[in-house]
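Engineer: Each chain, written out:
There are 2 protein chains.
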Amino acid sequence: MSRFAPRLLGFSLLCALALPALADTPPANKSATPKELLQQSKPGEWRKPDPNNLLEMRLPQGKVLIELAPDFTPLHADNIRTLVREHYFDGLAIIRVQDNFVTQWGDPEDDDKGDKSKLRSLGKAKKTVPSEYTRPIDAKLPWTALPDGDVYAPEVGFVEGFPAARDKASGQEWLTHCYGAVGVARDVGPETGSGSSLYAIIGQAPRGLDRNLAVAGRVIQGMEFLSAFPRGTGPLGFYEKPEQRTAIASVKLAADMPAKERPNIEVLRTDSATFAALIEAKRNRRDDFYRNPAGKIDLCSINIPVREAKP
Amino acid sequence: MSRFAPRLLGFSLLCALALPALADTPPANKSATPKELLQQSKPGEWRKPDPNNLLEMRLPQGKVLIELAPDFTPLHADNIRTLVREHYFDGLAIIRVQDNFVTQWGDPEDDDKGDKSKLRSLGKAKKTVPSEYTRPIDAKLPWTALPDGDVYAPEVGFVEGFPAARDKASGQEWLTHCYGAVGVARDVGPETGSGSSLYAIIGQAPRGLDRNLAVAGRVIQGMEFLSAFPRGTGPLGFYEKPEQRTAIASVKLAADMPAKERPNIEVLRTDSATFAALIEAKRNRRDDFYRNPAGKIDLCSINIPVREAKP
Numbered sequence: 001m002s003r004f005a006p007r008l009l010g011f012s013l014l015c016a017l018a019l020p021a022l023a024d025t026p027p028a029n030k031s032a033t034p035k036e037l038l039q040q041s042k043p044g045e046w047r048k049p050d051p052n053n054l055l056e057m058r059l060p061q062g063k064v065l066i067e068l069a070p071d072f073t074p075l076h077a078d079n080i081r082t083l084v085r086e087h088y089f090d091g092l093a094i095i096r097v098q099d100n101f102v103t104q105w106g107d108p109e110d111d112d113k114g115d116k117s118k119l120r121s122l123g124k125a126k127k128t129v130p131s132e133y134t135r136p137i138d139a140k141l142p143w144t145a146l147p148d149g150d151v152y153a154p155e156v157g158f159v160e161g162f163p164a165a166r167d168k169a170s171g172q173e174w175l176t177h178c179y180g181a182v183g184v185a186r187d188v189g190p191e192t193g194s195g196s197s198l199y200a201i202i203g204q205a206p207r208g209l210d211r212n213l214a215v216a217g218r219v220i221q222g223m224e225f226l227s228a229f230p231r232g233t234g235p236l237g238f239y240e241k242p243e244q245r246t247a248i249a250s251v252k253l254a255a256d257m258p259a260k261e262r263p264n265i266e267v268l269r270t271d272s273a274t275f276a277a278l279i280e281a282k283r284n285r286r287d288d289f290y291r292n293p294a295g296k297i298d299l300c301s302i303n304i305p306v307r308e309a310k311p
Numbered sequence: 001m002s003r004f005a006p007r008l009l010g011f012s013l014l015c016a017l018a019l020p021a022l023a024d025t026p027p028a029n030k031s032a033t034p035k036e037l038l039q040q041s042k043p044g045e046w047r048k049p050d051p052n053n054l055l056e057m058r059l060p061q062g063k064v065l066i067e068l069a070p071d072f073t074p075l076h077a078d079n080i081r082t083l084v085r086e087h088y089f090d091g092l093a094i095i096r097v098q099d100n101f102v103t104q105w106g107d108p109e110d111d112d113k114g115d116k117s118k119l120r121s122l123g124k125a126k127k128t129v130p131s132e133y134t135r136p137i138d139a140k141l142p143w144t145a146l147p148d149g150d151v152y153a154p155e156v157g158f159v160e161g162f163p164a165a166r167d168k169a170s171g172q173e174w175l176t177h178c179y180g181a182v183g184v185a186r187d188v189g190p191e192t193g194s195g196s197s198l199y200a201i202i203g204q205a206p207r208g209l210d211r212n213l214a215v216a217g218r219v220i221q222g223m224e225f226l227s228a229f230p231r232g233t234g235p236l237g238f239y240e241k242p243e244q245r246t247a248i249a250s251v252k253l254a255a256d257m258p259a260k261e262r263p264n265i266e267v268l269r270t271d272s273a274t275f276a277a278l279i280e281a282k283r284n285r286r287d288d289f290y291r292n293p294a295g296k297i298d299l300c301s302i303n304i305p306v307r308e309a310k311p
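Heads up: the sequence lines are chains A and B, in that order. Its first residue numbered 1, the first sequence is counted upward by one per residue in full-length UniProt numbering. Its first residue numbered 1, the second sequence is counted upward by one per residue in full-length UniProt numbering.
These are calculated hints, taken from the structure and not from any lab test. Be careful, since some hints might not be right.
[Stated by the list, open to error] For the chain B half of the interface with chain A, some residues (derived, Cβ under 10 Å), not all of them:
{"#": "1", "residue": "N100"}
{"#": "2", "residue": "Y179"}
{"#": "3", "residue": "G189"}
{"#": "4", "residue": "D288"}
{"#": "5", "residue": "K296"}
[Claimed, not checked] Distance ranges between label pairs, derived from CB positions:
{"#": "6", "chain 1": "A", "residue 1": "E36", "chain 2": "B", "residue 2": "E109", "range": "28 to 38 Å"}
{"#": "7", "chain 1": "A", "residue 1": "D187", "chain 2": "B", "residue 2": "A32", "range": "17 to 27 Å"}
{"#": "8", "chain 1": "A", "residue 1": "R291", "chain 2": "B", "residue 2": "S121", "range": "22 to 32 Å"}
{"#": "9", "chain 1": "B", "residue 1": "Q61", "chain 2": "A", "residue 2": "D112", "range": "19 to 29 Å"}
On a predicted model such as this, the values are computed, not experimentally measured, just so you know. Glycine included, every Cβ here is placed at the ideal spot set by N, Cα and C.
Given the sequences, and given the hints that come with them, work out the whole structure.
Structural biologist: Right, dumping it as structure tokens:
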């Protein structure tokens, strides 16, 4: 008993394909399974992230892929690209892991106890970047509304592959702090971040951070490495001893990598029919395991499928 | 720069006390900080969990404390107590860790590839327990409503220290699958769980599980150990090799432990004035770091403080 339970619609296509055999042969009167939906998807429903927006972070545990969001945080995207091209992150470390909150990386000297004289130079990158917490709603961006409601924002949905929120009263839109969101750490002042220290959300979406921090992008592959570090025991989950930190081997921009070495992945378009069908399949689970379909789904509970592209 | 950011109201009192020095001296015109609220709390606002409902799971990483919820899942609480008293879990293992979903423990032979002939006996415990997914609303239980709204349920709030939901139309209430919720794994059929395999939620609250699985309790201390295991690479996050599993040293009921060895902790009452003030402090963050208070808070974003009790 208990060996299948509970089931989750996969974070990635690989996970979705791993549903147990029972899901392979749904009764004729049931809707298509997530696996079938993905198998039936059309090639045009998938997109390859722009290599100018795709970061590959190499950790001892594996590879983490981050897609930047220059339509929302263009100045941060520029600054992060500059840092990456200077190899700024190579040899830096995971410096903080606070349970049910964030994993943060950057310069270990950049905390309370750090030796500021040993801080790595940001080179040509800016030391601070304007806040970019929200942006005016751009009607030209492909907005896919999620009609299920939201505790925090008047409207939520997806834009260019990112979970997002908008408020027509203020005319602003912003990326939300869902699981896997990559934000820009900063000091108390609003314009004190640069992208030299970044965090990924590893727990319940801390949506109170929305409109208070810049979301630079999203982890699209490798979250399982960022989420499984031992939690730091210092204040706010910072590691207290150098040996507790994990070194970052390198962070590269896909555009700067030889074509053969670039990550070759595809992300399901969030304005595709298949994505809408997957949301509905999770909103109202049809497999035999679920007796009481939720009927609703929260923005941050929706996974965006990623798969290896054909060579 | 970036060394404090972003801040989180602590999961436990220990974390809350770890807020950086800046929070110690709020301007006179600001509300009390979470740390101050906890310091000002009255002894009667804290409760010691009933030792008959308190489990201590010992892992190599540390101690995990789980509070059972017999007012919601009494038959499961009984069966789990029986299993624990038989030392059923001692020497079993963490068998599954699926990223952004669950950590599950139980008998390693109890999965697809397991050898059923080697399954540990459940002894006097029942092999299956009635489902207990929901229960009729009990007006006698202290319900603390959260007025912020919810995507999944008509009403949410807290009851006896547990995040919960209710639906007056159906007359039912249930415990919600928030971070740290401990649920009863089962097979496809609705009455196939026993409590011999349990899972804890380690990511974005999978509220679609509500009313589909029995919530037996909640991790009140030690979540940082359950959430940081390497993710399993088999289907659904099951570990594929025996050496990937972490052994459970023991699971004991506090009531069965010598008084001196029992966990000596207190949990803030969820019907206390201090808990209400903490929720408001997180709903509308007053510290200088937050420029745009959220104004709302999600049920599963609210942490319930725990502290060491005086000896």
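Engineer: Next step is simple, just say for each hint if it's right about the structure.
Structural biologist: For each hint, the structure was consulted:
1. N100: 5 Å, holds
2. Y179: 5 Å, holds
3. G189: The hint holds - G189 of chain B has a Cβ within 10 Å of chain A, the shortest such distance being about 8 Å.
4. D288: With Cβ-Cβ at 5 Å, under 10 Å, it holds.
5. K296: Since the shortest Cβ distance to chain A is 5 Å, the answer is holds.
6. A:E36 with B:E109: 28 to 38 Å: 32 Å, holds
7. A:D187 with B:A32: 17 to 27 Å: Hint holds: Cβ distance 23 Å, inside 17 to 27 Å.
8. A:R291 with B:S121: 22 to 32 Å: 29 Å, holds
9. B:Q61 with A:D112: 19 to 29 Å: 26 Å, holds
Consistency with the previously given hints is maintained throughout, with no hint failing.
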